[in-house]
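Fit chain B to the known structure of chain A by using the hints.
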Amino acid sequence: MSHGQSRDASRISDRTPAGQAGLSDPATTIAFSEAQLGEVRRLQSLYPDARGALLPVLHMAQETFGYISLEAEEYVASLFELSPAHVHEVVTFYTLYFRERPGRHVVAVCHNLSCHLAGAPGIIAHMKRKLGIDPGETTEDGRVTFLTVECLCACEAAPMAQVDDRYELNLTPEKIDRLLEGLR
Amino acid sequence: MAEIVLMRNFANADSHTLGAYRGGGGYAAWDKARQMEPAAITEEVKKANLRGLGGAGFPTGAKWSFIPKTHTGPVYLVVNADEGEPGTFKDRYLLERDPHALIEGMLIAARAIRCTKGFVYIRGEYVQPWRRFSAAVQEAYDAGLLGQGFDVVVHRGAGAYICGEETGLLSSLEGKKGWPKIKPPFPAIKGAFGQPTIVNNVETLCCVPPIIARGAEWFAGLGTKTQGGTRMYSVSGRVKKPAVYEAPVSVTLRQLIEMAGGVSGTGRLKAVVPGGGSAAILTAHEIDVTMDVDGLKAAGTMIGSAGVIVMDESVSIPEALMVLARFYAHESCGQCTPCRESTGWIYKMVHRIVERRGHKDDLDTILDVAKRGAGTTICAFYDGAVGPYVSYIEKFRSEFEALIPHA
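So the protein sequences, as listed, match chains A and B.
Just so it is clear: in the first sequence, position 10 is 10 by the numbering used here, and no numbers are missing.
Add 1000 to a position in the second sequence, counting from 1, and you land on the number used in the numbering used here.
Since the hints were made in silico from the structure, they are not lab data.
Glycine residues also receive a C-beta, built at the ideal position from the N, C-alpha and C atoms.
There's no promise every hint is true.
To be verified - Computed beta-carbon distance windows for the label pairs:
(1) E81(A) with H1359(B): 33 to 43 Å
(2) E89(A) with H1359(B): 29 to 39 Å
(3) A85(A) with E1313(B): 47 to 57 Å
(4) K1371(B) with E89(A): 25 to 35 Å
(5) P173(A) with D1142(B): 38 to 48 Å
(6) H1359(B) with H88(A): 32 to 42 Å
As the list claims (entries may be wrong) - Derived pair list, reagent style DMTMM-like, types lysine to aspartate or glutamate, alpha-carbon separation capped at 25 Å:
(7) K1395(B) with E1174(B)
(8) K1176(B) with E63(A)
(9) K1183(B) with E89(A)
(10) K1176(B) with E74(A)
(11) K1181(B) with E89(A)
(12) K1069(B) with D49(A)
(13) K1371(B) with E1401(B)
(14) K1117(B) with E39(A)
(15) K1047(B) with D1294(B)
(16) K1348(B) with D134(A)
(17) K128(A) with E1174(B)
(18) K1190(B) with E71(A)
(19) K1240(B) with E39(A)
(20) K1297(B) with D1312(B)
(21) K128(A) with E1399(B)
(22) K1117(B) with D49(A)
(23) K1176(B) with E39(A)
(24) K1117(B) with E1174(B)
(25) K1176(B) with E71(A)
(26) K1241(B) with E168(A)
(27) K1240(B) with E1217(B)
(28) K1176(B) with D49(A)
(29) K1241(B) with E174(A)
(30) K1240(B) with E168(A)
Bound conformation, chain B alone:
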């Protein structure tokens, strides 16, 4: 039986309360970390091979070490709880069922980066998670865990997928529309309100207390050579038991689908989105990949936020792409021309193909437009859209062609 780290407290009905969290050994890692030198905490997280679990998979300890040593002003810790990647729902569970794990992770991270103030940016639609988390923050203040050198501000977003992009999130936190910012400077140098800032995902920070409590070697040993730990896989679509599943990052996609009860619908697998809507699609023959950052990179896609969407043989791939293309057209923030224009144009083309009004050249036009724009924009949003545009068409071209008159 694989080790359960992140979801260890979920079965307890009171898991969101301080009493229950402490009863399960909670805040012991913080007691340990407060006796450690900040640099030693960062070193431990580096050795644990913890990689960001929000999407980009960047090594967390390395990110923390980018805060300029000579900086004397404030440093901020910002938690990205703006979960919005299609097919992902893990952070919602953590905020609702183990909010103190996040607070403890923040306390430890804040000590490592010498930060006295943290902001938690929760998507505006997450009303219940926001209430749960805010209540936990209040408990932590009342217990003297917060307010003794580290303060937490809970900030509600207002509905915009792009605010999950870290610099878009910072713009939004500053009271502006959520337009991403050009990097460099990276947030660790110049982030929230112009100060060095570390932006970490909810689940990433929830890994930190167990790392400190049980040691980097234990955590690193749970995963692969280049990524430690377990992570929470959100599995949805055509499976018999859609849910969030925790597994070591070395789990294969095939195993995950089995954990979720196997394929529903026709029972025959057609394709899988392995890492949220923005990940390139995998066919039924490509599911023996390990679900870590590097395993999926090698397979030409990405683990992203680990949102797994399963499609059985009855699913129309062009229709699935149309749904995602509509999403990208809606959520493009409008700042960069290639993204703003292409997402709308490509949606129009995929839409008319699905309605059997496609033009003969549409598929090649989509591929051309998609590939030309890749890498030309300020943030990764458009590249995230290109993944599905290109992979759905290249891997299932005949299905699209069958819908186009005179193709």
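Next comes chain A alone, as it looks inside the complex:
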């Protein structure tokens, strides 16, 4: 199912650095600022039913809190007067919401057909060796979460990966090395 496999953040869990879990970390108190709450209301007003803003607000929550914890789900649910169960169902359906804190950088290598034909398996093997982890895991220093993902629709420049917000195209092992060195 779409919430299974490689982009499912639950697989990251055993490599997540200790002390970063949301509930015990005072730095990640689950509440938006007044300005953010204004933005939530603005987003909600754009849709005939305020619930339409749920995905955008979950994106905001992830940017603010680092990932979508159960506590964050409850908080977002309260902003929509929805049950936390509904929000949980939504969060777990989509691949871009992390349910545990990912690394400081996320490297998502496409392993679909065009990238496969252009050498994605070699890129993935190289990443494994370089980082010492498998897809779905985070390096022990919390620097990089490594994922394999389905088609990112940049097949003209295969093999490719998404590194945080950017598409990195025409990958080679050397390019991967330079990319990883740049991630701090």
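Just chain B now, kept in the frame of chain A:
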């Protein structure tokens, strides 16, 4: 030299800005359309033989005319920018390089269907296209093109292939998991938030301004009898120049491969996926087909999103199917039993065949499971998976058998 319609502005470095778009004659079609009766706009699009370019190939003008005439409440226009079909990347180019073409197409479509609000659903991974398009929307508001009877909301998805299916997209837009809905009712009757809704693909709407500006006959004349215009073919895999190529829909697959520099790797063609991962595969002997909706239908496959993936002789077909089967198993939304169960099961079987652990009956089991499930699910996702399952095995059976011990 064939006419370039959709990619006409791409060479300009500032093509994403309002100034550049206007400099190339942009928004003149909107000026013309706002003087037209809504029904006349729809009629023009019908006469142009424009067919949906997202996958299904449904006639666009006919779709617009399904909005109930008696409806007095809101009507919504939803743009499907949830590009995700393996091998397709055209909408990414349009969003990044010609966002105002989409906005102009939306303005014209909205007038035709008497709609005051449009939503653009952009896949969550498309951060750069989303930023580019959002900036263009802001420019259009500042210039008074938007906000004068038509508003646009840009909505980011969150990662799920199924949201490219129009009713799955609507569920997602409503703040739910992206489960497709049973049709009928079709979105034109009961769509987003329970209201009549037209869902159109990015590229489809980008065809609308040129149709209004230059006339239906001109557009229809670019294509075949049953489909007008040009379209953007995403060509990738084993070709020398992978890229997006615009061509009339009457172009043949052989010509497209030549446009892309010819076959790379061994230089000898083995097979081609003509219309995105979900299209049945064609062998090297089947590439003299025209790349329009009906041409590929006649060839037993589909044009889909026009994502062309080329495979040279060195490519392992079982491995290619394994990659696609993994994709379908991952992306099945889980709502319908045949799809949820079969996609996982078939992936397991293809995977073990590739690892030379296949069972003697696996190929027949895959074909049986695939064919039994076809047509039994709420949306077209599973039928899209069946295309590759069946065609890869039926056309390249000996290659699979060679991997199975004691086959």
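Hint check results:
no.	hint	result
1	E81(A) with H1359(B): 33 to 43 Å	violated, 53 Å
2	E89(A) with H1359(B): 29 to 39 Å	holds, 37 Å
3	A85(A) with E1313(B): 47 to 57 Å	holds, 53 Å
4	K1371(B) with E89(A): 25 to 35 Å	holds, 32 Å
5	P173(A) with D1142(B): 38 to 48 Å	holds, 46 Å
6	H1359(B) with H88(A): 32 to 42 Å	holds, 39 Å
7	K1395(B) with E1174(B)	violated, 42 Å
8	K1176(B) with E63(A)	holds, 20 Å
9	K1183(B) with E89(A)	holds, 23 Å
10	K1176(B) with E74(A)	holds, 16 Å
11	K1181(B) with E89(A)	holds, 17 Å
12	K1069(B) with D49(A)	holds, 24 Å
13	K1371(B) with E1401(B)	holds, 20 Å
14	K1117(B) with E39(A)	holds, 20 Å
15	K1047(B) with D1294(B)	holds, 17 Å
16	K1348(B) with D134(A)	holds, 20 Å
17	K128(A) with E1174(B)	violated, 39 Å
18	K1190(B) with E71(A)	violated, 35 Å
19	K1240(B) with E39(A)	violated, 47 Å
20	K1297(B) with D1312(B)	holds, 24 Å
21	K128(A) with E1399(B)	violated, 30 Å
22	K1117(B) with D49(A)	holds, 13 Å
23	K1176(B) with E39(A)	holds, 20 Å
24	K1117(B) with E1174(B)	holds, 15 Å
25	K1176(B) with E71(A)	holds, 19 Å
26	K1241(B) with E168(A)	holds, 18 Å
27	K1240(B) with E1217(B)	violated, 36 Å
28	K1176(B) with D49(A)	holds, 12 Å
29	K1241(B) with E174(A)	holds, 22 Å
30	K1240(B) with E168(A)	holds, 20 Å
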